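S.K.: If you want the building blocks of each chain, they are given just below.
2 protein chains.
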Amino acid sequence: MDKKSLMVTIAVLGGTGKEGKGLAYRWANAGYRVLIGSRSSERAVTAASEIIELLEGSGSVVGTSNQEAAQGANIVVLTVPYSAHRETLESVKDLLKGKLLIDVTVPLVPPKVSKVQMPAAGSAAQEAKEIVGEGVEVVAAFQNISYEHLLSEDDVDCDVLVTGTSKDARTEAITLVEAAGFTGWDAGPIENSVVVEGLTSVLININKQYGSTHAGIKITGAKNK
Amino acid sequence: MDKKSLMVTIAVLGGTGKEGKGLAYRWANAGYRVLIGSRSSERAVTAASEIIELLEGSGSVVGTSNQEAAQGANIVVLTVPYSAHRETLESVKDLLKGKLLIDVTVPLVPPKVSKVQMPAAGSAAQEAKEIVGEGVEVVAAFQNISYEHLLSEDDVDCDVLVTGTSKDARTEAITLVEAAGFTGWDAGPIENSVVVEGLTSVLININKQYGSTHAGIKITGAKNK
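Residue numbers (my numbering), protein chains in the order written: chain Z, 1 to 225; chain H, 1 to 225.
The following block holds chain Z by itself, in its conformation from the complex (with noise of 0.2 Å):
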């Protein structure tokens, strides 16, 4: 736990998904304030309860509204299913003003999830950014991962992509990354968005072809460090 992870409150919107349970879990581990938001509050609270139970007592994890949580945090984590995406960044697009949101979603287009559909911005982070408009930082972050284990402190045998609107948005988001235990890359501008999140279409088709559960990916022939 350093001194910079106290200075920074997280909110994870939709965080009473695996995902985000997931990710505000490994962050409140790292020693982050965390805040959970849900359309429901209640459901919100129950999650932080998990989650601290989880960290058996240790971590600084509260759970509220998607708009309370934007609003008392720096930095604001999106993980809804795509049918949500935009409802849920029009409710709290006035309070991300300054910050920098990390947009996590997929737009998985049901039944063909395995097939490459991306929205007519080009991607899901390129929307946000389009809908949260100017003085907003937006990163695509984590869209590749197995979110079966992130409720533990196992390995995930997958790099995180991190795509974005400014050089430095990226490098905050792979601190992040990095906080989560995961090997972050700065995968260039936010028009990079659509490899990270088709990239989750190619990796279920893989799991579907090859009978694997957790097909992610790794960098090789560079090192981050």
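For the record, the hints were derived by calculation from the structure and aren't laboratory data. Note that this is a predicted model, so its numbers are computed, not measured.
Note that identical chains are pooled: a pair holds if it fits in a single copy or bridges any two copies.
No farther apart than 27 Å at their CA atoms in a straight line, the calculated lysine-lysine pairs in the DSSO-like style are these: (1) LYS93 x LYS167; (2) LYS112 x LYS223; (3) LYS18 x LYS218; (4) LYS225 x LYS112; (5) LYS115 x LYS225; (6) LYS167 x LYS208; (7) LYS218 x LYS167; (8) LYS208 x LYS18; (9) LYS218 x LYS115; (10) LYS208 x LYS223; (11) LYS112 x LYS218; (12) LYS208 x LYS218; (13) LYS115 x LYS97; (14) LYS223 x LYS115; (15) LYS208 x LYS115; (16) LYS208 x LYS225; (17) LYS167 x LYS115; (18) LYS18 x LYS93; (19) LYS167 x LYS112.
Starting from the known structure of chain Z, fit chain H onto it as the hints suggest.
M.R.: Below, chain H without anything else, positioned relative to chain Z:
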């Protein structure tokens, strides 16, 4: 060298470039009959001689025009710069019916080659499919490989994601991926080519940010045999 490879002739169009020459070398080394195609038959003949020399005379490699190479092959591999993609395809499309086209093209738009910028069709491979029309299976592969080490038997630490218009086409292409010494993965339908082609810009960005020269990817958590 198995019997199957002896019955298959591979045309490598644009085979005088380093990508094409490297792949041609590896397939000839694996026992395939290879036709090197180029706009200049003369340069194709020179490239073929170079490869035969590397193989110490043991391979079947012939240099000729792009058209003659396409006509004489069962499988046609396109390794031209994106600027020559459409023109080359137009010049051979009538010779491709009933064949498999493997498109290696990455639609980079200089000077911003680390930013994903796809053509209107969605990807170079989808554009190729639009140009060649019905009766030709199109697969995208090999976009993420660094070509410096192809002209040797060095291991290249990068997997090959294969997308394409049918599962049979992808399976056939994966046979050639393995013959060239790589691990190949069925990465799904042709619409997923945006991920594979775009990943090249992500890897270029990683090379730029982390001072590497050969960043690649490996699939984790799945077994392809």
